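> Each chain, letter by letter, is given below.
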Amino acid sequence: MIQRRPSLRVQVAGIATAIVAVTLASTGVFVTHWMRTSLLHDADMELSGQVAYVAQLTQVGELSSILAASGPDTGQVQVVTARRVVVAVSPGLATTTRLDVFDPPPVGRVSARTVPGGVVGSDSGADYRVVARTVSTPIGPLTVYAASSLHAVNHAVRMLALGLWVGLPFLTLLAGLGIWLVVGRSLSPVEQMRREVAAIYRPEQRISAGVRAIELDRLATTMNDLLDRVDQAAATRRRFLADASHELRSPLASARTQLEVGLAYPAATDWPETAREVMVDIERLQALAGELLDLARVESSERALAPEPVELHELIGDELARYADPRIAADLAPAHLLADRRLMVRLVRNLVDNAVRHSVSVITVTLTSTASGIRLRVWNDGPAIQPSDRERVFAAFTRLDEARTRDDGGAGLGLSIARRVCEVHGGTLTVDECTVGAAFVATFPISPSGTGVPPAAA
Amino acid sequence: MRVLVVDDEVRLASAIQRGLQAEGFTVDLAHTGTDGLWAATEHKYDAVVLDIMLPGLNGYRVCAELRTRGIDTPILMLTAKDGEFDEAEALDTGADDFLSKPFSYVVLVARLRALVRRARGRATSDLVAGNITLQLGARRCLLAGEQVSLTAREFAVLEYLAEHAGDVVAKRDILDNVWDEDFDGPDNVIEVHVHALRRKLGADAIETVRGAGYRLVDR
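So the sequences go chain by chain: A and B.
The first sequence: position 159 = 157 (our numbering), numbered continuously.
Every number in our numbering is 29 more than the matching position in the second sequence, counting from 1.
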């Protein structure tokens, strides 16, 4: 089952929105925390001021049991001895209220705590901040406690948090929408390109290039190149089919017409002669069928090559013996390779057949083996191959001396097949430069393992 | 009727030649485009059978060149290639008809006759001169409704005379149209055939115009 992934637009917008949301949320948490800390610090500073003032009063012995409302606002202050006896309170503080809700700090030190309001006798529900400072006096150490409600701090922090809770999702939503739109806009050329590709149905149609962002334009160019290659492959196939059909129909037409004419005028027909002539056409058809089959075999053997150790010099020697042609001279050095024996035989026969067909009086077959590879050269003293024809001879159904009658040639696939045989063995087949006659050279690489077959094919 | 067959398939070309000769046609062969172009320019043919895949000069170019030179001989193109484009291109370059290989020989002959007939502006394949009727399709000669048996060569000579019934036809013209270009026998072969025709059709059917040639009496 194909797992469908969400659209790119959804993915990108989703991820980006999530990042925005996380960023905004952590910023919100940080800002809230910072604000609370900073407001607490302000409260502490204020309480410390009061504590310091009262502590100063104790030092100079001006402490009264009810702290005067002079000097800075004393707020809620309580002075407690080491034995926890209250010696002074600020006015307005209930006598039952105790501010010494935690142990006094050592002499000369200040400590601060946040406590629930109930602890210091408040019923407003708000937390309280309590700051304490211990000083030594002639009557022993005294601790000054000062407290104030955190109601305002809490309120401010709550308001900020509320603002953030409402604002941040809204901001996130806005950002997500923006990203969704932008991603959609930047992806719309892709969809437009897809539609263009989908609308292609004629071989010469292409995608418009040079109108999009550079990345998409490169994709368009690459697609057009691909279409070109597909087109070329199709054209080659078509040409091959047309040529093959021509090669099939010509001998058929010839045989049919001869027989028809013979049947139309039986008395005027030399039947043995007609039979001989029709035989020539049948042989041509047979040769073509054989060569087409060979070509199909080589093409399919690319996938199913059957390499085995081959003594190439022996194989060639055996093949040349079949010809029993005194014009053929051979110089064969020992050469071993891993190859498909049947295909090697086909290669040698096609090259020698071709040489025999064009030779005047001499054909030489030379096999050399060096560290770099194996080289098979088949030369004949027939007409030279023009430089412009050196690639063309390997195309299917090419015959160079076209003025010649077709009957004594092969079907025109021999050299194509030979070249494919070399290629599937990792080698090459080319026309060799030579001053007199024509020569074909097949080369096979020798890999360290002594094989003529590239690892991929083997 | 004189026909030129241009095809590099030697055996196919000679089979067509044998068949057409048996039908009473005069057939010349060319195996390359260049030879075909030369022959078609040099001689007057009633029709040309032209292969497309030819060495030297391909069939399209031969056809186009002939039309450029103002030669309007009917051309029947042959091709072993596949596809309607070949057919369309053949007709567009000036060919009159088209056959794909392999073709039926019977159809080839019928189409050739139709081409020649159209070129001569006639609707049927019968030639009538006086009381002589030549059924070209069936290769029959009727004299006042009675069938007269003629040899292929006699029929060809009579056909040529009938095409120009009432006009004087030179011996040379008969020779060019009834015998192929390889013939180099004596001119009096025509006299032999005319003599035979007179014997079968009546002595006054063909008049001799001294110093000019023969005339088929058209009454």
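Hints are computed from structural coordinates only; laboratory data are not their basis.
No experiment lies behind these values; they were computed from the predicted model shown.
Please note that a few of the clues may not be correct.
As the list claims (entries may be wrong) - Selected chain B positions facing chain A (Cβ under 8 Å, derived; list incomplete):
(1) R96
(2) A232
(3) A234
Stated by the list, open to error - Residues of chain A clear of chain B, computed beta-carbon distances all greater than 12 Å:
(4) G90
(5) P103
(6) A110
(7) L171
(8) A265
(9) A266
(10) A287
Said to hold, decoys possible - Okay, the calculated beta carbon distance ranges per label pair:
(11) Y199(A) with L120(B): 42 to 52 Å
(12) D155(B) with G288(A): 43 to 53 Å
(13) A139(B) with P270(A): 22 to 32 Å
(14) P381(A) with V177(B): 36 to 46 Å
(15) A197(A) with D155(B): 55 to 65 Å
(16) A139(B) with R192(A): 48 to 58 Å
(17) R274(A) with H224(B): 34 to 44 Å
(18) F114(B) with P324(A): 30 to 40 Å
(19) G288(A) with L120(B): 35 to 45 Å
Ideal placement from N, C-alpha and C gives every residue a C-beta, glycine not left out.
> Each hint needs a verdict: does it hold in this structure or not?
Status of each hint after checking the structure:
Taking 8 Å as the C-beta contact cut-off toward chain A, the hint placing R96(B) at the interface is violated, the least distance being around 24 Å. Interface restraint check for A232(B): the shortest CB-CB distance to chain A comes to about 31 Å, outside 8 Å, so the restraint is violated. Taking 8 Å as the C-beta contact cut-off toward chain A, the hint placing A234(B) at the interface is violated, the least distance being around 28 Å. Look at G90(A): its CB is around 112 Å from the nearest CB on chain B, clear of 12 Å, so calling it non-interface holds up.
Listed as outside the interface, P103(A) is consistent with that label: its C-beta sits roughly 107 Å from the nearest C-beta of chain B, beyond the 12 Å cut-off. Residue placement check: A110(A) keeps its beta carbon more than 12 Å from all beta carbons of chain B (closest about 99 Å). In this structure L171(A) is separated from chain B by more than 12 Å, as the shortest Cβ-Cβ distance comes to about 63 Å. A beta-carbon of chain B comes within 12 Å of the beta-carbon of A265(A); the shortest separation is about 10 Å.
Once the 12 Å rule is applied to beta carbons, A266(A) is inconsistent with being away from chain B; the minimum gap is 6 Å. Every beta carbon of chain B lies more than 12 Å from that of A287(A), the smallest distance being close to 16 Å; the non-interface claim holds. Restraint check, Y199(A) to L120(B): a C-beta distance of roughly 28 Å breaks the suggested window 42 to 52 Å. A beta carbon spacing of about 51 Å between D155(B) and G288(A) agrees with the range 43 to 53 Å that was offered as a hint.
Between A139(B) and P270(A) the Cβ separation comes to about 30 Å, which falls inside the hinted range of 22 to 32 Å. Take P381(A) and V177(B): their Cβ atoms lie about 58 Å apart, and the range 36 to 46 Å is violated. The supplied range of 55 to 65 Å is met by A197(A) and D155(B), whose beta-carbon atoms lie about 59 Å from each other. Between A139(B) and R192(A) the beta carbon distance is about 56 Å. The supplied range of 48 to 58 Å therefore holds.
Checking the proposed 34 to 44 Å range against R274(A) and H224(B) shows it holds: the Cβ atoms sit about 39 Å from each other. Taken as a hint, the range 30 to 40 Å is violated for the pair F114(B) and P324(A), whose Cβ atoms sit roughly 49 Å apart. Take G288(A) and L120(B): their Cβ atoms lie about 36 Å apart, and the range 35 to 45 Å holds.
In summary, the structure is inconsistent with hints 1, 2, 3, 8, 9, 11, 14, 18 from the numbered list given earlier, while agreeing with the others.
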